[in-house]
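Sequences and hints are given; from them, build the entire structure.
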Amino acid sequence: MNRAEKIKYEWFGNIRGDILAGIVVALALIPEAIAFSIIAGVDPMVGLYASFCIAVIISFVGGRPGMISAATGAMALLMITLVADHGLQYLFAATILTGIIQILFGVFKLARFIKFVPRSVMVGFVNALAIMIFTSQLQHFEGESWIMYSMVALTLAIIYLFPRITKAVPSTLVAIIVVTLITVFSGFGIRTVGDLGNISSQLPIFMIPDIPISFETLAIIFPYSLALAIVGLLESLLTANIVDDMTDTESNKNKECRGQGIANIASGFFGGMAGCAMIGQSVINVKSGGKGRLSAFVAGLFLMFLIIVLGDVVVQIPMAALAGVMIMVSISTFDWSSLRNIHKIPRTDAIVMVATVITVVVTHDLSKGVLLGVLLSAIFFAAKISKVKVTSISSVDNSKKIYKVDGQIFFASVSDLVEQFAFNEPIKQVDIDLTNAHLWDDSAIGALDKIEMKFEQNHVKVQYIGLNAESRLLKRKIGGLSKASGH
Amino acid sequence: MYKKILLATDGSEHSVRAAEHAIEIAQLKNGTIDIVYVVDGNTSKTDVLHGVDKYEVKKEREEKIKPVKDKITSVGIPCETNILHGEPGPSIVEFANDNNYDLVVVGSRGLNKLQTMILGSVSHKILKRVQCPVLVVK
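From first to last, the protein sequence lines are chains C and X.
Per the UniProt record's numbering, residue 1 is the first one in the first sequence, and the count goes up by one each step.
Per the UniProt record's numbering, residue 1 is the first one in the second sequence, and the count goes up by one each step.
FYI, nobody ran anything at the bench for these hints, they're computed from the structure.
The beta-carbon is built from N, C-alpha and C at its ideal position, and this holds for glycine as well.
Each hint should be verified, as a subset may be incorrect.
What the hints assert, rightly or not - DMTMM-like, lysine to aspartate or glutamate: derived pairs with alpha carbons at most 20 angstroms apart:
#1 C:287 / X:56
#2 X:54 / C:248
#3 C:344 / X:56
Unchecked claim - To spell it out: a stretch of chain C is covered by chain X in this simulated footprint if at least three of its residues, at any positions, have a beta carbon under 8 angstroms from a beta carbon of chain X; those stretches are:
#4 122 to 128
#5 236 to 244
#6 277 to 286
Below you can see the structure in the form of C-alpha cells.
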C-alpha cells in the first residue's frame, strides 16, 4: 500500500462500523469526561472540551487507528493539587507543556523505553488507578441520603444487567437516562452536575493561558507536566498494545507519542485539560465495530454536538448516576486476574505490584508509583542475577585446581565471587572456567584482577578458559589496570 | 457427514473433555478436527498487561490450547488451530458458518444461574446460530 492508499484505508476502510462505534463511544465519553473534570476540580466543560479536542486531533495525527483518547482519570488525578493551588490557567499551561514533552518523546523515539517498565509495575499502575478512581467517588457519598445510595445502586444494576436485554444501546447511557428521569420527575432534590459546575453550549475557542511567562511559572508547572506526560504515554502505549492485539494489526508507537503531544497542546489552547488514550473506551470502540481513524473523529464530533444540543439536559444528570458510572469504570479498570494469581507469580513481582499500588494511594501520584516500581524491580533484578555459582575440581595430583564460574559477573555480584575462591591452598596452577559466565563491567574485570593477584602472591599461576568474545574484549581493554595500580 | 469438525475451546477442563468427544466422532468417520480459540476484549487486556511482548502473548495463548491440540494429534487426527479476536459467541458462529463445518463441538462451562445471567452462555449462542449440528459437552 502506498501512502495515499494507506490514509484512505485508515479513514474510510470501515465507514459504517466506525460511525456507529464512534457514536457509541461519544455517548459513553460524556459521563466520564464530566466525572473526570469533577475529580480534577474543574468545570465539566474543561473535560468535555478536552475530550472533543483530543479525540478529533488524535484521529488525524495518532499512530493507532481505532484507539480512543480523551480526558482520563489517570491524568485528572495528577492535576488535583495544581488546580487547587494555582487555578485553571496554570492547568491549561501545564497541559500545553505536557504536549511539548510528549512530542519530544516521539521525536527522540523514546517509546521503546516503555519496555523498561516491567509488567508488575503496569499491573500496579492500573490497579492503583482503579482504586484512586473509586476513592475519588467517596466524597459524593458524604452526608447523602439513602435515596442517593439507592440511585447509585440502580445505576450499577442497569449497567451490569441491561446488556442481557440488548447490547445495541450502551448500558451506561440507559442507566444515566433512567436515573436522570427518575430524579427530574420525582423531585428527590439530590445533587446534580449543575450543582458542581456549568455546562455551556458553546464551541471551545482558542485562547492563550493567562499566566505570567516566567521561570517561576515553569517551575510550578514542569513537575506536573512531566508526570502527566509520562503517565499519559504509559497508558496510551499500553492501550495501543491492547488495540493492536484486539484487531490483530500493528501500530506506530512513536507517531502515537507525537500525536498525544499534539492533541494535548491543542487541548490546552482550547480550554481543555490533558488527556491520553483510554483502555475502556478503546475496548468499547473495537467491540462496537470501530477500527479506523474515522471512529475517534466521529466520537469527538458527536460528543461536542450532543453537548451543544443537550447542554441543558446534561446539567440535570444526578451525581449518583455519575458515581455509579465511575464505580463501574473502576471495577473494569482493576486487573482482577492479578488478585487471583498473586500467590502464583514470583514473590518479588507481587511485592513490586503492591508497592506500586501503595505508593500511588499514599502520594496520589501515579508517576511516583511507577518510578518506585521500576526502581524496585531493577534492584530485585540485580539481586536475582547477582547470584554467582562457583564449583571447583582438583586435579589428581592436587597441583592444579579448576574453578567453574556460572552467572553474571558485574558490580553487584563481585563481592560474592571473590569470597568463593580459596587462595591459601598448596597448588601450582588454577584454571578459571568462564564458559558459563559473562563479564559485564569494570567491577567484573577488577574482581578477576584481584583474584589473579591474590593467587600470584601465593605463587599460583592463573589461567582463564572459555571467555566469551564480548567478555574477552572487555578484559583486554581494561584488564590489569587495577592490578597494576594495586602494586 | 461429521468429517469436518470444529472444536471451540478456551483451554479449560471443560474443553479438554469436549475434545475427547470430538475425537470419538472424528475416529468413527476418519474426519479432521480444527480448533478455534477466541480472545475477547477483556482477555486481550489481561494478556497484554501481563505479557512482555506480543510474541510472548502469542506463545502463551498457543500454550493454553496445547493440551487440547496434543490430545487430538496424539491419536493421529489432522488438526489446525485458529486464534480469533472478538466476542466468543458471534466469532465462533461466523467462523463455523463461513468454513462449512459439519459439526461444532463445544464444552459447557457449567455456570450457575447468576453467572449465566450476567456472563451469558457462549454454548447457547452457538447452539442457536450455527447452521450445522452442535454438540454441547457437559
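Hints versus structure:
no. : hint         : result
1   : C:287 / X:56 : 24 angstroms, violated
2   : X:54 / C:248 : 10 angstroms, holds
3   : C:344 / X:56 : 18 angstroms, holds
4   : 122 to 128   : holds (count 3)
5   : 236 to 244   : holds (count 4)
6   : 277 to 286   : holds (count 3)
Hint compliance for this structure: hint 1 is the single one not met.
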